[in-house]
Amino acid sequence: MSDLTRLDASETAASVAAGQVTAREVTSAHLDRVNQTDEQVHAFLHIDRNLALAAADAVDAARAAGEPLGPLAGVPLALKDVFTMRGAPTTCGSKILDGWRPPYDSTVVERLRQAGVVVLGKTNMDEFAMGSSTENSAFGVTHNPWDLQRIPGGSSGGSSAAVAARQAPLAIGTDTGGSIRQPAAVTGIVGVKPTYGAVSRYGLVAFSSSLDQGGPFARTVLDAALLHEVMAGHDPKDATSIDAPVPPVVAAARGELGGVDGLKVGVVSQLQGEGYEPGVQARFDEVVELLTSMGADVVEVSCPSFDYALPAYYLIAPSECSSNLARFDGMRYGLRAGDDGANGVEQVMAITRAEGFGPEVKRRIMLGTYALSAGYYDAYYGQAQKVRTLIRRDFEAAYRDVDVLLSPTTPTVAFPIGERADDPIAMYKADLATLPSSLYGGPAMSLPAGLGDEDLPVGVQLMAAVQRDEQVYRVGAALESALQERWGGPLLDRVPELVQGGAA
Amino acid sequence: MTTTSRDALMSFEDAIATFDPVMGLEVHVELNTHTKMFCGCPTAFGAAPNTQVCPVCLGLPGALPVVNEKAVESAIRIGLALGCSIAPWSRFARKNYFYPDMPKDFQTSQYDEPIAFDGALDIVVETDDGPQSITVGIERAHMEEDTGKISHLGGATGRIHGADYSLIDYNRAGVPLIEIVTKPIEVVPALAPAVARAYVTELRELIVALGVSDAHMHQGSMRVDANLSLKPRGRSEFGTRTETKNVNSIRSVERAVRFEIQRQAAVLSSGGTIVQETRHFHENDGSTTSGRVKEEAEDYRYFPEPDLTPVAPDEAWVEALRATLPESPLLKRARIRQEWGLSEHDMQSLINAGALDLVEQTVALGSDPADARKWWTGEIARISNERGLDVAVLPITPADVNRIIVLTSEGALNDKLARQVIEGVLAGEGGPDEVVASRGLAVVSDDGALMEAIDDALAAQPDIADKIRDGKVQAAGAIVGAVMKATSGKADAARVRELILERVTGV
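Keeping their order, the protein sequence lines are chains A and B. Just so it is clear: in the first sequence, position 257 is 257 by our numbering, and no numbers are missing. Position in the second sequence counted from 1, then plus 1000, gives you our numbering.
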């Protein structure tokens, strides 16, 4: 194998299964690639070479013993540092958890292990998944492999950058308001937020419990589907986990459920036009034309409540986070500050939280605390829940008429590091198009749609009804192949070479 | 803040002559489920600190709760037994506040959507005019999780103030609790303390009869918070209330209410105002003192728990649980009292001994109610007091007691021997028959052996025989005593008396 880091996940797994390459060789190649590139990209917060190689060896041993291998066995993966994994720290990009080593595995990690997926390490993220750029990480910013001066999206920016930089063919992120889809869009890869409840949240450190959802990053729709299938499924440890079969996402990604011919695709009026960069709008319009030419029936759909998604989201998510993050009080784990023997317990809690949380986390805790306060609850949290209901109704009405909804994933391409750091509202607007389906709970995918302004990646968002995840994969796979035909190869082939002198 | 000055008190009689007390009682019952409310950790009391914990009940980052169905079942049964409506759809809510005994810094509880609401409990209160029936309205019963337990060490008082350090045991964190809240209780003012006591007593009986909790107040598996306010006679709007915590026995409930009536009356009569606050009850002198004065109103920022789905018990399940409800303790007591012909006093001592069910089960096995009561509220209750244990947890069963009663009525045991059999059973020496055999406790029924002892005794006290022959039959008592002593109490005293009279009078 000339360069194992250029293979898709499905190709890698097939090679390992066929004995053409060992999982150890694949893992070593990716660890080397991380070594060579991560000084520039800073996708990872934690790498444990020995742990990764041991996981790879287990796959090789299973193969040698003739045991059946899963469809992603031996494939390296970059894990967002918001999932607990035994033997590694979990920081959530926060100083307050610096040094904490969870004593238990998240369900997602358990499933990866069972599937023989090799976790290379934990990736950088905005602190507690709050942000759209990774600039809110306490451990430094991650750089976009397309342009190292730009953000890789967020909050799962470490994971998106790792896949775009060929440090891993697969990554896992979490999406609360767009934290998988927006990073996928700005790094030119595929990212999927499954239906809420599809992937267990057990061991996913909560930001906003009613919105958080783990999901895959990959370079192809099929790879994303394969990882989706490994991650998803009912978990009795998560009361909000869906107790129903996982939709046939892999079959859909393989085209086995058909293409887009005859499908009804709705273009959301509220999620385009004003506020969307010309380059973004242009790529989006091309996708719409392409779908029409492929036989899809494209119609315009109006979802008026979507205009209120941003304010509703910025009440609900902070409200839940203000409660979820209360436990970081310095009493049991992580940072403890101000314990000088004179300070009482309340002072130690206050000092620990003042030192341990970054400004964006504090901002949201304060917002949420306020929104839940007696006398304000109805006007803020209560009102936001009503908006959430209206948004859900808009989606339900739309899906009575169309199979999938379509929009740009983000209003702009990746912005320069620092540009929005002091302007929270501008930062929040990066998630304008992704927030509605988060509030609704339905599946949504960001798929590379080409290059926009400054030759940077643009993503198109495909949304479907709750528990119809296969629909986004079906349309995504068809579009992917049509677009690649037009481009003459994967978009990611155009990402700059990070290592001097070409491939390692 | 430590309270040094004693609060001024008005006499109870003066207080109730001027004010009408309004009570609200909140009772927390720790359920006896094997596992915690939201995880699989055991709930057993008394384990080494922090050995019954997991990521969920420690609130570790990423861990998620899952509702214990058995706890929901117990909650529904309590609700039904209290005549409540069971909500077809109810939710958990988060009660947010920072405290180190709460691993998540919020308590998962229920707020405006409790599982059970709008019920009533009938109680009987002793008054000067005899027993009086009162119905206490039940506002709601809801599910929540318990907190961990903090020990403040190094100080003199065991309180946080003055302590050098504190230790936290999270074994109790996440143990299922049911909180039962009354509607405002307004009764004849003089009865208020007794009503509080009778309510908690009756509720405890009900909980024990349901089998959903040990309801041990001294172990904290049943805890009472007493809210009390006064309003000047004739006024309809409620006054400011205080909430007294740490009320750890049924007797204390009565004392705490009485104290607060006297204290608040003194404050109000002298033109002062009642501060809405938490107060702590002190077992030693029956007083309450102010808890920490809060600078701002507590705002728990309740909101629906997003990690849990609603609890929606279907009607068939609720009805199936209704069918499992035991006879109401109140009705049961009335029935038993009548069946056994007991006085109010006898009935009360039976209940106080915690032996009603045990006596009933013993009677069901064939024993006479009077015999069964004698043993359970006599010797066995005495030993349970000595050991500081409930009668029900002693290792002696109604079947054992029934057997002892049978052996006694057959004459194989006398009362003294029966007490030794009880002692043997409690010592783990086996059932009554085994104890009789191994300790050789059978009554000496061999007349020949007894005759020998009688002759010896008569010979030792020659004047007694003459007295008996002169008609002073009671003089035989001295010989009976001597014979009992000689046979180590194994003789049947009645038979010994017969034999003495035969021997002396030749009849």
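Honestly, the hints are just simulated from the structure, not real lab data. No residue lacks a Cβ here, since even glycine has one placed at the ideal position from N, Cα and C. Among the hints, erroneous ones may be present.
Here are the computed lysine-lysine pairs in the BS3-like style, where the Cα-Cα straight-line distance is at most 27 Å [to be verified]:
#1 LYS1095/B to LYS237/A
#2 LYS1332/B to LYS237/A
#3 LYS362/A to LYS1095/B
One-sided and incomplete, this derived list gives chain B residues near chain A with beta-carbon spacing under 10 Å [as the list claims (entries may be wrong)]:
#4 PHE1045
#5 LEU1060
#6 PRO1065
#7 VAL1067
#8 PRO1100
Outcome of the hint check:
For the proposed pair LYS1095/B and LYS237/A, the alpha carbon gap of about 22 Å is at most 27 Å, so the pair holds. Of the pairs offered as hints, the one joining LYS1332/B and LYS237/A is violated, with about 43 Å between alpha carbons and a cut-off of 27 Å exceeded. Using a Cα cut-off of 27 Å, the hinted pair LYS362/A and LYS1095/B holds, with the two alpha carbons roughly 20 Å apart. Hint status for PHE1045/B relative to chain A: violated, with the closest Cβ pair at about 23 Å, above 10 Å.
This hint holds: LEU1060/B has a C-beta 7 Å from the nearest C-beta of chain A, less than the 10 Å allowed. Satisfaction of the interface hint for PRO1065/B is found here, the shortest Cβ-Cβ separation to chain A being roughly 7 Å, below the 10 Å cut-off. Among the interface hints, the one on VAL1067/B holds; its C-beta lies about 7 Å from the nearest C-beta in chain A, closer than the 10 Å criterion. Interface restraint check: PRO1100/B against chain A, minimum CB-CB distance 5 Å, threshold 10 Å, status holds.
This entry does not satisfy hints 2, 4, going by the numbered hints stated previously.
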